[in-house]
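J.: Listed below are the residues making up each chain.
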Amino acid sequence: MTKAPTPTRHIISINDLTNKEIETIFEVAQGFLQELADENVPYRIGRSTDLASKSILASLFYEPSTRTRLSFESAMLRLGGANITSADPAVSSAAKGESLADTIRVIANYADIVVIRHPRDGAARLAAEYSQIPVINGGDGAHEHPTQTLCDLFTLKSKKKSLKNMKVAISGDLKGSRTIHSFVYALARFGATIDPLPAPGMELPAHVDRRLREEFHCRMVSKDPGQLPGGAIDALYVTADQPHQLSLIPDPEIDYGFLVQKKTDAVYVTRFQKERWTEKERPYPKIDAKFLDEAKYSEASVMHPLPRVNELDISFDSDRRAIYFQQAAYGVPIRMALISLMLQLHKNKSLQKFAGGFARPDHPVYAQPIDTGLHCDNPNCITADPAERRYAANKFYVIEDNSPRRCMLRCVYCEKDVGEGTDAQFVVADTTRKTFSPGLATLAGASADKLKHVVIYPTEAEALAAGFAPREGGKKARAS
Amino acid sequence: MTKAPTPTRHIISINDLTNKEIETIFEVAQGFLQELADENVPYRIGRSTDLASKSILASLFYEPSTRTRLSFESAMLRLGGANITSADPAVSSAAKGESLADTIRVIANYADIVVIRHPRDGAARLAAEYSQIPVINGGDGAHEHPTQTLCDLFTLKSKKKSLKNMKVAISGDLKGSRTIHSFVYALARFGATIDPLPAPGMELPAHVDRRLREEFHCRMVSKDPGQLPGGAIDALYVTADQPHQLSLIPDPEIDYGFLVQKKTDAVYVTRFQKERWTEKERPYPKIDAKFLDEAKYSEASVMHPLPRVNELDISFDSDRRAIYFQQAAYGVPIRMALISLMLQLHKNKSLQKFAGGFARPDHPVYAQPIDTGLHCDNPNCITADPAERRYAANKFYVIEDNSPRRCMLRCVYCEKDVGEGTDAQFVVADTTRKTFSPGLATLAGASADKLKHVVIYPTEAEALAAGFAPREGGKKARAS
Amino acid sequence: MTKAPTPTRHIISINDLTNKEIETIFEVAQGFLQELADENVPYRIGRSTDLASKSILASLFYEPSTRTRLSFESAMLRLGGANITSADPAVSSAAKGESLADTIRVIANYADIVVIRHPRDGAARLAAEYSQIPVINGGDGAHEHPTQTLCDLFTLKSKKKSLKNMKVAISGDLKGSRTIHSFVYALARFGATIDPLPAPGMELPAHVDRRLREEFHCRMVSKDPGQLPGGAIDALYVTADQPHQLSLIPDPEIDYGFLVQKKTDAVYVTRFQKERWTEKERPYPKIDAKFLDEAKYSEASVMHPLPRVNELDISFDSDRRAIYFQQAAYGVPIRMALISLMLQLHKNKSLQKFAGGFARPDHPVYAQPIDTGLHCDNPNCITADPAERRYAANKFYVIEDNSPRRCMLRCVYCEKDVGEGTDAQFVVADTTRKTFSPGLATLAGASADKLKHVVIYPTEAEALAAGFAPREGGKKARAS
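Respectively, the protein sequence lines represent chains A, B and C. According to our numbering, the stretch in the first sequence is residues 1 to 480, in order. According to our numbering, the stretch in the second sequence is residues 1 to 480, in order. According to our numbering, the stretch in the third sequence is residues 1 to 480, in order.
Just chain A, with the same shape it has in the complex (with noise of 0.2 Å):
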């Protein structure tokens, strides 16, 4: 009847993951390969080892899939495992009105690890809060799908030795894929430059460029060999070989130039999310060969998460720089390795340690009754589902910028930050003292036992409707 015991692990996120333990699941893949792979295809797995002979993977899937499911699902048979599968929320318990808490709390005594896909933001961290078992994040929404990603960071590490000054192009709806999200974390800690390329209105959401700015100390370097870096819109995210704190200012002693001009390594495509959007149709370019034919990709590996609608051309698919279904084949081996890992069936005590790893970063984390106080403004986070918010929490984390000192709040569930990062009107009142103060700076610094005495409202009004009353010098605070 208790949440899952602390230890269970689950992958919702790429940034659930060390660079050292995504290194590891490549190697572990890249061990199945040579093991396993079919002879006349060494990048497809074509035998299977009885690892996981006596483990059960469910997969819950509320959005259609072919590819994810059916690669996770292949990965565990070669893993020498089996699956039971629940595909088509029309014919399951979701019919009935079942919650997904609840659903998992069933599931997580049928099975020993659970892949889920769900179409809102945040759900498979509401998940993993209800299950016993180890959850995997087949895609939530538009906020990650962190197993794809490991798919194409180990494609383009079969390609080149390093990720370190790689230019990566993201090209087509930046904002609905959450493919691209996951992607884009993960380039930005492994020292990638990513040269975004959205259709028009699809730029990447405002708080993932905030992320990429401030959490992986990506700077902005315009396109323009004439402008100073970080003076244009237009601009590539480059990583500095050290955390910048103001990183959109520029670094006099460092030159990105040379990325400016490298030529692109890879060129990454993706459809259409038209499941995010409630047009059916938008401009959207077209990668084809003419595209590609511009001197700076003519070494520049094509990919693509798949499926692909009419964004790539399909006359490309027999150019050598297609690898679209090579990253897709890399499914299977990656996959096989993450179970493995985090089902600890490896006998290499140093291996086992996988399972028991966390990766989260450790802001602090203000929490409240899904009824009380500031909720997540995200109409698409799980919070916002009137059948699955009474299983969740307000729970946010506290995110403390240093210059200017302020504060901003995350939604811990999807990840987007609270009024875009600015305070707004919100106020933090003390359980305490019955007080509030206005704007969040108060919680710079706040332990997380002082957490435990706040509560934060979106306005004053609602502050003073719930009895609390300003603190002295706290509009005076705000004037100022």
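Don't read these hints as lab results, they were simulated from the structure. Don't take each hint at face value.
Just so you know, same-sequence chains aren't split out, so a pair can sit in one copy or run between any two.
[Claimed, not checked] Lysine to aspartate or glutamate pairs mimicking DMTMM-like chemistry, simulated, CA-CA at most 25 Å apart: (1) K347 - E35; (2) K353 - D38; (3) K96 - D288; (4) K274 - E214; (5) K434 - D313; (6) K164 - E214; (7) K96 - D377; (8) K452 - D319; (9) K157 - E462; (10) K96 - E275.
Fit chains B and C to the supplied structure of chain A, relying on the hints for placement.
T.: Then chains B and C, alone, in the frame of chain A:
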């Protein structure tokens, strides 16, 4: 081409199992738990055997399911077996108009055992008539769901040593819930007291109530201690130690007052079975912490077959009395036990007998081709479905009551009593003499052979139309 | 990124298998039955091997199915292998707009062999062109269903020792039933006589009739013994012992009268394939005991590929001639045999050759990019689907007829003859000389190399528009 050979055993109703057999299932399930439980969660199967390594379970689901289907499939995998699944009627041969009888005769060649779920009452019994392999009922309309009841009883037994004199409250949609119907029969058979707490208008169906009293020897005892036993509508079902023929008449030798006073041992909550009702919503009790704060529930285990919607407050989940997720977990060892016993996978000879066992009530059966004479009047019976009834018969148990001497007919498929147990205008025609008599009383004591020469008509007019004449004195008998 | 390497073998049409290979499949299937049959039911596989214990079958179903999918999955499990399944297009990547060619290229990395069902004629052939792993056609539109035919022939052979001179009546929707199309080719190839009993307006399609007569050497023999052979529409297809070039002309040396008189060995009933017609209902023959009471059917085995709706009376099920459920049961050993042969799982060297075998008719192939020249005029061909045709070509077998000398084109995907075998207004353009000639006769005897320099246009106007000039004398040739 022939129907299943007689020795194939099917589990369609909880009453297809003797009490001893149910206890055998529990022993085998307990053995699996001891051998294979998760190290951290003693009620969860976490490892596998290879007992069923050559066997295939077919899941044939014509209604939504997550828990029942996946727990059956998990059970089969934990036994080392494998699964084939048809879970969506829209993508199966049913979409092309195939009947259940044809489907099961085909599937029987592809698997060793089959679990079926269907929206029609009695569908599983019809399927079993055409199956060469064992059929398990995974829920048929509003009729029964016997394997859920096995999990429920096993959960209760894990909490208390004996079911005897246990007091179990059942709440919600007692009419539409097939789970409840199987459950109350089992509770009565094991000597538990049933405390019905129906939603308004959702009382136990008349035929279930009748069977509890007449077949399973329940007595009605008023919950108001001031009233005489049996005198109230708001009453408990209690089971006498000895079978009582006249259970409605107070037995002065036994005082059931202690059961009225006794604290409730378990509260069993069910959801509104909206798929069985034309209304989308109805007034419905919500069981929450406040309700369970009553002193009489202080030691009550709270159960739910799941899925739940709103009828059981989620804030109660962390209460020590909430055992519904444990109850769900027991689905695996219980179903492992049932499957392994039905497939005769155990070496122990006494366990092998299970597969040949039959516990059906041995009422005589009246049977006629489906277009002849009286038919079942339950509009949701499988025999009311134009496509399926062609494969069925007008087949009824002849149930005899001794005081006053009368007979009634119970449909062999849906187990509802025709005419709600009255004989209405029915007449019994004798095919040898070409005459008919009013009422069903003439069926009392009829041999199987005599029943072969009988056709029952719903009215005199139909018997006349079929060429039968009133038997001399017959009319008088009714008039008297 | 490239298409499948040539040696991968696919089974798309029954004509992809030689007679000898079909007999090999039967021998292997018979071996599985001897080794693994159910003790009580000799035609039902009841146990398993571990022959395929490292292999995965992918089921890719874009149309409803129970029997075909589950019998393939059962076969794979009985071989010791495992399955991954995509059975509902609405919950797969197809819902996001992915093409079949892309899907198969991805799935080929997750499995070792794939079975595909699709509503479009020729879909399985297109899929095979893009697959690195063997593809089995599980039914494509109204084209073919070769594994059903293998079960059908195996069933017939289990009843009679030889198919030679056997007389098989085929009833119902001979036009829409892909099962019938594969079946009649096989019957003709094994020397059986075909007695068509079509529903009104549901005769064998013209291109199937033409192939029977021209490719499989069938002669039409009137069922009316008073008429000369070949003189009647209401005729049998009989196969001469020796190939006849001019099958429509009576051969005085052979008397087929005994076949007209001969009792029917099997009646093969099919349902109205409503999914291939715009009308919901049509007049349709019902085969029942009365029909089968005719003397000529007294020893006829009655077969049905199932599912049935109303076209075969259920009261006939208990007749000794009804063998349709046995026929369904053979789906397992037959598919076990086919899969194990295609995956080269047998140690016997002669059986290993199967995987490398190819039996396609070696007509020369004319091919052009999909937007160039003549295209297939079958509106249900996979090349008529705007999303899928981009991956296909205008690709036709050049079929030569000797008297009078003429050519026709048969679509490589759906195998329908363009223009119903006439050359209509077609012209053949020569890309070297920039000229064109009327009619297809100039293709007669053309080498593969010559065909590379040819474009065929549906009309002169289109050839002219494409910049070709009439060849001198070309117009005259047509006029003569």
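J.: Honestly, which of those hints from before does the structure not fit?
T.: When the structure is compared with the hints, numbers 4, 5, 7 and 9 turn out to be violated.
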